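J.: Chain by chain, the residues run as shown.
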Amino acid sequence: MLHIDGSQGEGGGQILRTALSMSMITGTEVKLENIRAGRQKPGLMRQHLACVNAAKAICNAQVSGAKAGSTSVMFKPGAIQAGDYEFSVGTAGSTMLIFQTVLPALIQTDSISRLSFHGGTHNMLAPSYDFVAEAMLAVLKPMGIQVEMKLKRHGFYPQGGGQWSALIHPAKNIKRLKLIDAGDLIKQQAVITSSNLPEHIALREINEIKQCIDWSDKEIQNQLVRSMGSGNIVSLRLYYQNCTEVIECVGKIGVSAERVARSSITDLKRYRSSKAVIGEHLADQLMLPMAIGKGGVFRTLKPSQHSWTNREVIHQFIDKRFKFEKLGKDYWEIRL
Amino acid sequence: MKTVAISLLGTTLDQRGKRKKRWEKWRPTISLCQQEDLLIDRLELLFQPQYQRIADVVTEDIRQISPETEVCQHHIEFDDPWDFESVYSQLHDFSRRYQFDRDKENYLIHITTGTHVAQICLYLLTEANYLPGQLIQTSPSNSINNQLGTYQIIDLDLSKYDQIASRFSREHDEGTSYLKGGINTNNKQFNKVIAQLEKVSINSSDPILLTGPTGAGKSQLAKRIYQLKQHRGQIQGKLVEVNCATLRGDNAMSALFGHKKGAFTGASTQRAGLLLEADNGILFLDEIGELGTDEQAMLLRAIEDKNFMPFGSDSSVSSNFQLIAGTNRNLFKDSINGKFREDLLARINLWTYRLPALKERMEDMEVNLDFELERFTQKAGALVSFNKNSRSQYLKFAHSPEAIWKANFRDLNASVTRMATLADGGRITQNVVKDEIERLKNDWSFSTQDKNPINITAHYLNDDIHVSLDLFEHIHLAGVIQVCRHAKSMAEAGRTLFNQSREQKKSQNDSHRLKQYLGKYHLEFNKIRDR
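Protein sequences appear in the order of chains E and G. Counting in our numbering, the first sequence runs from 1 upward without gaps. Counting in our numbering, the second sequence runs from 1 upward without gaps.
No lab work stands behind these hints: they were computed from the structure. All values reported here derive from a predicted model rather than from experimental measurement. Backbone N, C-alpha and C fix where the C-beta goes; we use that ideal spot for every residue, glycine too. A hint or two may mislead.
Claimed, not checked - Computed footprint of chain E on chain G, listed as stretches where at least three residues anywhere in the stretch have a Cβ under 8 Å from a Cβ of chain E: (1) 16-29; (2) 32-42; (3) 62-75.
Isolated chain E (complex conformation):
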């Protein structure tokens, strides 16, 4: 049995999710300890618990310690089963993180899986639905990983209640990833999404974007969506020949519309000022598919704590270890 210290590095839910995915794929029994030990509320929160339960469901695992607040989980995976699954998480916990946990495992099967999700879709501290659908899938596709996603309803923090579905094709032969150069910019698009909020919020955000970066009216889309509670997100998308980058900031009570817009623009400028292809948040997500596939190489911004931690956790399951190499200012290469 593999012991994994949940308090290492970034010390959060990422360790749990990576460990669960790797455990399922390699068939390794794991014991996770000190889960989220340094956090204000240590142990499994409901969204983490939902990940454990989802992993358990798709591979018929034997699990102990799966309850809210638990700081130790034993996970003994069985055979991964493709099929139709429904995953729910309350408290607007991110369903994207559940998807992230089960995706690498489900592509290792022989048939299609249909997943439906219920919970949060556009959360602050997790990739949003749009980020996964646009940025992540765009990179996974050339690797041979094919997923079709469909959003029925947005789920914002704190109510959640979002609904979406994913169709996952099996991909047993994952191709080597190679992203050295983004290629030409094909399109840029800002999408301002709001639900149950006064109109001026989106308008002020648009105004701010226009002032800071000179995108045309055509490149700015203002959309109103249906959701349980209220919600707002600014999403800046850059479509290149070889990849797509999605930079987002979620609006929240107490933060002005202008600040929300400016925050996403700051991140956009950082990305554009570097020669990196892959943004900070996508980098750590690509490591797992590379590890279970044929490896690869990509150039990215300065690796986050998430990436460093992911590197160590993955290394506990496989012999190889990712190489992080600094090429320039805020410009790194990650290779396996």
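We have chain E already, so just place chain G on it with the hints.
T.: Then chain G, alone, in the frame of chain E:
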């Protein structure tokens, strides 16, 4: 384990905010299901039927925000949600009806919603274990951008809280120390008895039965229990103490239960009786085994119904007292041969504590000695103490097998009183101790408890002779010594001892014969008497 929450629908708080606006408001029952570190597997939602609409909105909202949670609706009819009786009985009914499965489910009782009366009722039902769970309260959080609020689980097991637990154990220590009269006893058995008795005294008003040899401190302890309860404000009435051995015949009935004027010859005035006197207090019946069977029957009824009939009266009176009974007899034996009513014994044999004899609590000898000295000092108003050697001399004897402490603490108390009285200038000298030891030895040598003839003869014979005798002779001699001790003269002793020969005129001079017999052992009648 599943987590199940039981919550009243908050007809005000859970209804805040119209339509979509409701999501901007903190709604306690929703918030309960929305905590990221608390997963409610099932919510039992209680509400009055007229609030069905609100309940449906809340149920649907919970289904959306917490898909893991199953919501079960329960109708509950309060005539008036501010009426304590109605609310309590309805919630009590719910708790009796509900199938709790404590092996598989943990229960949280949400006390944030409902009227204050309902919250009090939920608390009471939880505390009484009708709702076997922990209380949970939700509250809005301070920051404006968080309508989720926070929650707190309140465990009513107070021992789980460090600060309260230490406060508790302090009070508990105070309580036990109270019962021990401030004496820091070391005897395990005794301390165990006291520790439990402290809890029982505080939590129960059922009868307590104190057994143990005479002088073990039964009546002292009864007094302490009374004081402890009084100190904690649990009783208002008096402590009424009576030794049942002093109650006989008509007097017994009237003393206990009272009588009407003219109930019997000599009943010239009305008498209330001890039971009534002990109303709202404690009745301590010492030597309860000495109570007559009629009185036992009356007493049983008085305990069970809090009701009894005064002697000669045709209407009953009521008295609410706690009974503490004391006995040095084996009441079970007595109940088998009909001396003590079995039903009464069953009723009072609920909290039975046996107080160990002083001899069984030798580790407490020293602290008790100090306690007795202190007590004398307080009474006499002058300090009395041992010198070092006299103290160790006395303690050595006190621990020796010779010291049988026949009347337990009464012996110790008497012994200390004697020594302290004879102590010149407040110092108990070795001479005083030596005399006292002799005295105690002498007292106990005739105790009915020490029937070993070898021990009896040991007091009178010199050692050479004592060790040379057969048991046969010890038995003879011990018997003769006993008779001599109780006889007024040698002649009387002789008459008692040689009663048969005397009838048959075989012996003329009984005194002479006795003198000769004692002479064989170098003993003299007068010296036996004087020892």
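J.: Tell me the hint numbers this structure goes against, listed in increasing order.
T.: As far as the earlier hints go, not one is violated by this structure.
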